[in-house]
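A.B. asks: Now for the letters of each chain:
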Amino acid sequence: MASPTLTSTPHPAAEPTPPGASRAKDRGMDRGFRYLSIASGVLILLVLAAVAAFLVVRALPALKAGDAISQDVGWIGAGQSLWTVIGPLVFGTVLAAIAALAMAVPVAIGIALFISHYAPRRLANGLGYLVDLLAAIPSVVYGLWGVMVLAPVLQPVWDFLVRWLGWIPLFAGDSNGNASNPPRVLLTAALVLAVMILPIITAVSREVFLQTPRLHEEAALALGATRWELVRMAVLPFARSGIVSAAMLGLGRALGETMAVLMVLSPGMLYSFKLLVASQQQTIAANIAAKFADANAMGVSALIATGLALFVITLVVNMAARAIVARRKDFSGAN
Amino acid sequence: GSDNATGGSSAASSSGSAAPALSGTLNGGGSSAQDKAQQAWIAGFQTTNPDATINYTKSDSGAGRKGLLDGSLAFAGTDAALDPTKEIATSGTACQGGKAIDLPVYISPIAIAFNVPGVTELNLSADTVAKIFSGAVTTWNDPAITADNPKATLSGPITVVYRSDDSGTTKNFTDYLKKAAPSVWNYDVTNTFPVTKDTFQGQNGTSAVVQGIQAGTGTIGYADASAVGSLGKVSVKVGSAFVAPTAAAAAAAVDASKRDTDGRADNDVAIKIDRTTTAAGAYPAILVSYLGVCDTYATAAQADLVKGYASYVVSSAGQDQAAKAAGSAPISDTLRKDVLSAIATIKAKG
Amino acid sequence: MSQRIDAKDLNIYYGSFLAVAGVNMSIAPRSVTALIGPSGCGKSTFLRTLNRMHEVIPGARVQGTVEIDGVDLYGAGVDPVAVRRQVGMVFQRPNPFPTMSIAENVLAGVRLNNKRINKSDANELVEASLRGANLWNEVKDRLDRPGSGLSGGQQQRLCIARAIAVRPQVLLMDEPCSALDPISTLAVEDLIAELKSEYTIVIVTHNMQQAARVSDRTGFFNLEATGKPGRLIEIDETATIFSSPREQATEDYISGRFG
Amino acid sequence: MSQRIDAKDLNIYYGSFLAVAGVNMSIAPRSVTALIGPSGCGKSTFLRTLNRMHEVIPGARVQGTVEIDGVDLYGAGVDPVAVRRQVGMVFQRPNPFPTMSIAENVLAGVRLNNKRINKSDANELVEASLRGANLWNEVKDRLDRPGSGLSGGQQQRLCIARAIAVRPQVLLMDEPCSALDPISTLAVEDLIAELKSEYTIVIVTHNMQQAARVSDRTGFFNLEATGKPGRLIEIDETATIFSSPREQATEDYISGRFG
Amino acid sequence: MATLEQVPDSTEALRRALTQVDPARKRKDVVMRVLVYLAFALAILPLVSLIWSVLVRGLGRFDGYFLLHSMRNVFGGMDAGGAYHAILGTVLITGWATLISVPIGLLVAIYLVEYGTGALARAVTFFVDVMTGIPSIVAGLFAFSLFYLLVGPDSRSGIVGAVALAVLMVPVVIRSSEEMLRLVPNELREASLALGVPKWLTIVRVVLRTAVAGLTTGVMIAIARVIGETAPLIITVGASNSINNNVFSGNMMTLPVFVYNQYGSGLVACTPGDASCIPTINYDRAWTAALTLILLVMLLNLVARGVSRLFSPKTRS
Ligand SMILES: Nc1ncnc2c1ncn2[C@@H]1O[C@H](COP(=O)(O)OP(=O)(O)OP(=O)(O)O)[C@@H](O)[C@H]1O
Ligand SMILES: Nc1ncnc2c1ncn2[C@@H]1O[C@H](COP(=O)(O)OP(=O)(O)OP(=O)(O)O)[C@@H](O)[C@H]1O
Ligand SMILES: [Mg+2]
Ligand SMILES: [Mg+2]
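Residue numbers (our numbering), protein chains in the order written: chain C, 1 to 335; chain P, 1 to 350; chain G, 1 to 259; chain A, 1 to 259; chain Y, 1 to 317.
Hint data in this document are derived by calculation from the structure and do not stem from the laboratory. Take the hints with a grain of salt, since some may be wrong.
DEER-style ranges, computed between Cβ atoms [unchecked claim]:
id: 1; chain 1: Y; residue 1: P279; chain 2: P; residue 2: K337; range: 33 to 43 Å
id: 2; chain 1: A; residue 1: S243; chain 2: Y; residue 2: A13; range: 56 to 66 Å
id: 3; chain 1: Y; residue 1: R122; chain 2: G; residue 2: E251; range: 52 to 62 Å
Covered stretches of chain C, as calculated for chain G (at least 3 residues, CB under 8 Å) [stated by the list, open to error]:
id: 4; stretch: 203-216
id: 5; stretch: 232-239
Short derived list, chain C residues pointing at chain Y, Cβ under 10 Å [as the list claims (entries may be wrong)]:
id: 6; residue: V131
id: 7; residue: P138
id: 8; residue: R227
Note that beta-carbon positions come from the ideal geometry of N, C-alpha and C, so glycine has one too.
With the hints as constraints, model all of the structure from the sequences given.
C.D. replies: What follows is the structure, given as structure tokens:
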């Protein structure tokens with residue numbers, strides 16, 4: 001107990017207001033640290049504003065150019081303006097993303113349920129890790145795999161779809177009545193996208209499923225519910241909004257994905273619902289990557305304008321996703 | 001890590017050349033058709049000049065010309081000569097008060113490649129090619145095709161694979177179709193392939209086109225002959241014979257063509273390709289690709305580097321290197337003389 | 001409607017951890033049995049073995065037998081899903097399904113087996129169950145409102161209504177009042193007294209006064225030290241346990257010397 | 001080492017919610033004061049105002065004065081950091097720093113403040129504090145092992161050692177035994193009895209037997225209804241409170257009629 | 001009430017009631033179980049196929065030579081060339097992106113968890129979420145435009161790419177750090193504050209120290225998220241065949257762009273009989289580089305796990 005720092009404890013009466021230099025320094029550090037962290041928070045807002053501002057500024061020339069733009073930008077046809085090409089691009093982007101979502105969501109829910117409520121606990125962690133691994137694979141590798149391994153496998157499947165389900169507009173064939181060969185079609189790209197967004201949807205829904213209050217699960221079980229009835233009674237209703245937001249997050253990812261689409265899809269600029277015919281649609285992100293290298297000043301401006309459109313779309317989707325689920329309460333409450 | 005990937009030693013390979021080795025970095029870019037040849041030239045040039053680094057960013061001709069004109073590239077690879085009024089006239093800023101010039105360095109046939117099971121040889125007339133690529137002929141057993149290929153068993157729908165990005169290859173190919181099959185081909189000559197049909201597939205870049213042709217069945221498309229690999233190549237009707245896209249046939253077509261002098265300076269070497277030639281053994285669907293350079297550079301070092309590199313590219317050693325790597329046709333000695341004298345005019349500012 | 005329960009030589013494990021050891025207990029039909037003991041002694045664990053809810057926890061298992069009217073719940077061929085219909089359960093914290101209305105909550109268990117229960121039967125059942133849980137008068141005007149809008153005590157009685165709607169033989173309650181205010185607690189205690197005439201009831205409580213108030217018999221669980229298994233120290237008439245327990249530990253516990 | 005504490009007209013708010021109202025209390029030096037009352041009546045809230053830990057919660061604030069030997073803790077220029085060095089605190093759940101060894105945990109109050117302390121002083125301080133917390137013999141061979149490896153009761157005593165290592169004037173304890181088993185509880189209760197000779201101790205407990213065992217004086221908090229503020233109903237000698245309280249509410253509470 | 005099943009009135013009836021569940025319910029349970037298992041199998045299929053393809057096609061060239069040599073002077077079908085320059089570029093650019101984003105991200109997380117209240121904190125939280133959704137190509141465009149204004153048209157360099165990646169990384173770092181900081185029990189903060197430790201020291205010495213394992217994992221996750229980005233790097237960094245270790249000037253190669261470029265180079269036209277020429281060399285290199293990239297990501301994962309194990313507080317007994 002002979003420590004000098006401790007024995008120097010001042011007399012009680014004087015103590016609660018010790019003026020010492022070190023206290024003043026501590027207070028200064030306290031304030032400095034606080035301001036530093038607040039400044040970082042503000043910086044984030046500024047960065048986001050800057051992203052939007054730069055995009056708008058660089059997009060303005062193309063937006064103002066009207067149909068004169070087609071003289072400068074090769075991929076905009078004569079007499080067309082930026083607006084006439086943004087339309088099909090937005091259409092293609094949304095169509096690809098929705099097709100991907102439609103394939104990914106049911107499977108992702110299945111996987112998430114498997115991990116959260118069906119697989120033996122010990123297995124579940126490992127399996128969860130395996131699915132997370134899918135998320136860690138770079139998109140360019142997906143592109144490579146999609147175009148060189150997956151596409152050849154899909155050809156007979158797409159042929160089959162056109163043959164038997166061709167009466168559904170989505171699965172209509174080309175004017176020869178076939179699925180395009182090779183299958184560089186939207187559905188192939190969407191399938192690769194679906195595999196890519198699977199992990200994120202799975203991860204979020206798994207998280208939500210695992211958060212189903214034990215109380216509700218036990219209530220269902222105690223009423224004599226089977227595993228599936230438990231899921232339907234307690235898990236799914238509880239997780240509904242979580243699933244929606246997971247899907248929206250996946251949608252956001254799919255909207256912005258570039259390489260896989262660039263490598264897999266044969267592009268076109270049409271408002272076409274044909275998923276199995278090539279050269280019908282193109283996505284904004286892939287179009288930027290494809291056209292950016294050889295764009296002149298106006299071309300870059302036009303591409304940035306499409307990028308702005310993409311930014312706005314993903315913004316809306318993500319905001320919607322966040323709005324649907326009120327953010328989880330703080331974990332950290334004490335007492 | 002090592003930049004010496006080929007295991008060569010710089011001393012050994014520079015022993016032959018008497019000229020002092022150059023140094024510095026040169027950024028070029030553009031035509032993807034030239035890419036394979038450029039890689040070969042860069043390798044050869046860097047071996048003799050180990051302190052020099054040449055970067056060639058493959059994108060497309062438009063990007064190369066754009067880069068040259070906005071000063072971000074020191075040289076461009078372009079499949080079409082610079083436009084005298086639109087481009088050369090505005091090159092003053094980027095070229096330090098001088099102007100941009102064209103140097104033809106790479107002559108290559110554009111192969112019309114196909115992938116039809118069991119068929120290795122295909123003969124087509126220019127009209128038939130134009131019909132296929134305009135969508136007028138949609139099946140392989142169309143009489144227009146079978147007439148020229150009595151022995152082949154052809155059937156099934158045709159999938160046309162084209163370049164979806166802006167490309168000099170497309171421009172040369174559509175130029176060929178317009179001039180050689182004027183009655184069938186009604187489209188303008190453009191960098192962007194003009195026909196869209198739901199049996200056509202656009203692909204982004206030369207190799208994607210080739211990949212697309214290869215991955216499908218009943219496909220046909222056009223690409224620089226150097227890139228098509230083992231795919232079947234169409235022999236086109238010239239005069240009364242069918243000519244395959246070989247280097248020699250391409251050289252013959254260039255020999256049959258004249259220089260383009262419209263509004264161009266003497267040191268601007270452009271070629272007006274004669275697509276309708278009937279010279280024996282000439283393959284007119286060719287692409288003449290240029291090195292776009294400035295005739296004035298900011299520093300002597302840069303000017304020397306450009307001159308050194310361009311000279312190496314057109315030298316017979318360089319042309320052989322390219323022929324080996326990319327299957328291109330070496331330029332003729334007459335043309336080489338013109339190009340070398342154009343290169344000699346490149347200088348530093350001031 | 002009510003059955004006799006016999007637990008014999010029951011050992012209850014979480015994985016390799018023996019949580020409760022050697023329980024022998026007989027519970028008479030139409031009676032209320034209270035289980036008391038310090039925290040962690042295994043009251044909840046034991047209770048959950050009576051309707052095989054214990055198995056829901058990964059790695060949890062049971063040795064020994066639990067018989068209801070002579071049928072071993074853990075015997076071959078017995079389906080846990082069916083067991084839980086016969087032995088209902090009410091939990092510490094009220095847990096109505098938040099996405100369902102009050103009426104739907106009551107019918108939740110019935111709907112599982114009988115999808116197409118017709119409307120008037122359903123209404124009858126809802127009313128009967130809610131009356132049984134002493135809740136009918138308070139909620140009859142808002143049967144289609146969410147169950148989560150009720151007060152804690154009402155929610156707990158709703159959960160009891162839901163449990164008795166499937167007409168179980170036995171009703172298990174794990175500290176049903178510990179999250180409730182005194183008034184709600186009273187309401188539930190009254191309800192237990194009424195239900196006794198129809199069901200066999202086992203209730204876990206940490207409140208000795210409550211045990212004394214509601215139960216016919218009381219069992220005392222204890223554990224020697226953390227890590228050791230909990231044991232049933234003694235079980236007897238409630239009056240006996242609180243006035244003259246046989247064991248010293250019981251006396252120490254009820255006189256507040258620990259826990 | 002110990003001080004007198006006077007709370008005067010203390011109103012405690014969470015934002016605009018008045019959690020505790022009008023507390024007047026005097027605490028003698030070198031005594032143990034126990035605070036009891038039903039859940040949510042504001043015992044913890046009041047305790048935390050005694051070392052300005054209350055302020056840590058966003059929006060929380062205080063009206064009135066708390067004086068330690070006549071110095072108002074909430075007076076102008078008083079640094080909360082300095083206050084907390086004078087008034088130590090032990091929490092409901094033992095919370096040793098998981099990244100530190102036992103010895104480091106004891107020294108945390110010194111070390112975290114970036115104070116230099118030489119090795120032998122440090123060793124002395126560790127031993128003295130652990131002896132003070134009745135823990136020395138149990139852990140002296142493993143001072144460099146993680147503190148989280150100890151049993152709950154040992155962890156709690158480690159936290160007490162950590163608190164007394166900075167030599168506070170007053171020691172506040174918020175239900176220090178509620179997460180402990182009976183044996184650990186006893187050890188901590190014994191410790192409190194010893195510490196009393198050096199420190200002024202205020203302890204919150206939900207266990208009335210414990211209050212009766214350890215404290216000299218007992219204060220009873222209550223609240224009329226949820227949403228209303230908690231109030232100090234009465235404070236008196238412990239013996240008096242448990243034998244003949246002045247207020248009916250107190251009597252109801254200690255006889256187990258609610259809570 | 002007539003619709004309810006019979007009340008068992010004997011042991012036999014009870015036994016029946018305890019052993020029989022409505023077969024329709026049983027069937028449905030089984031069907032759903034099969035579907036759920038199937039969904040999982042369906043997800044594992046592409047993963048296995050992908051890993052298998054990459055291994056089978058990439059292992060052939062995966063050796064020391066490939067890892068330690070660049071592509072300088074390599075052309076045509078030459079059996080030469082490696083990805084050293086691309087690995088270096090990826091490491092440098094991601095490293096810089098990390099250097100930029102981690103301090104900012106960590107400070108913002110600290111702000112949100114320890115200080116944030118009111119409108120600013122809500123705005124930051126919301127816009128961080130929004131930022132998570134920025135498409136990578138848009139981030140690339142942003143960095144490109146920014147440096148275009150600052151440096152001019154010839155702005156391509158590693159640092160531009162690093163800025164683009166940092167824009168993508170920051171929200172991930174914030175999210176995961178925030179989560180990790182919130183996991184630090186308030187009890188520890190209070191324990192420290194109650195000892196008279198000022199808040200900033202509490203944050204630095206207790207909160208960050210306790211969370212350090214989780215924080216590292218979060219950073220690794222963020223790195224893994226951007227290390228495979230291709231499109232923004234094509235726009236901002238370009239490509240090169242030679243080693244360039246200066247992120248502030250000149251094109252650089254990165255592994256994903258290397259994969260894409262090699263794929264884009266396509267088949268080589270070899271003169272028949274030329275044994276030194278490999279027609280598929282470009283695809284081979286693409287697959288090997290893809291394998292390298294995946295291994296790099298897995299390595300990061302392993303490092304993260306190791307670090308997390310090393311630093312994680314010893315859990316309560
Ligand atoms: N899910 C579980 N996994 C492992 N051990 C458990 C689990 N649940 C409880 N235990 C252990 O089993 C023992 C008995 O716990 P149980 O919850 O049955 O006690 P209890 O008497 O109900 O206590 P309380 O009064 O606190 O509810 C304890 O040691 C506990 O730690
Ligand atoms: N962080 C907080 N924010 C807002 N209100 C709070 C907070 N903490 C406690 N309260 C409220 O203040 C009142 C008093 O709570 P406090 O925790 O002091 O009660 P307590 O007597 O300690 O109860 P217990 O015995 O359960 O610990 C309660 O109404 C509670 O809801
Ligand atoms: Mg319990
Ligand atoms: Mg409290």
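A.B. asks: All the hints need checking, so say for each whether the structure fits it.
C.D. replies: How the hints compare with the structure:
no., hint, result
1, Y:P279 with P:K337: 33 to 43 Å, "holds, 36 Å"
2, A:S243 with Y:A13: 56 to 66 Å, "holds, 59 Å"
3, Y:R122 with G:E251: 52 to 62 Å, "holds, 57 Å"
4, 203-216, "holds (count 3)"
5, 232-239, "holds (count 4)"
6, V131, "holds, 6 Å"
7, P138, "holds, 2 Å"
8, R227, "holds, 6 Å"
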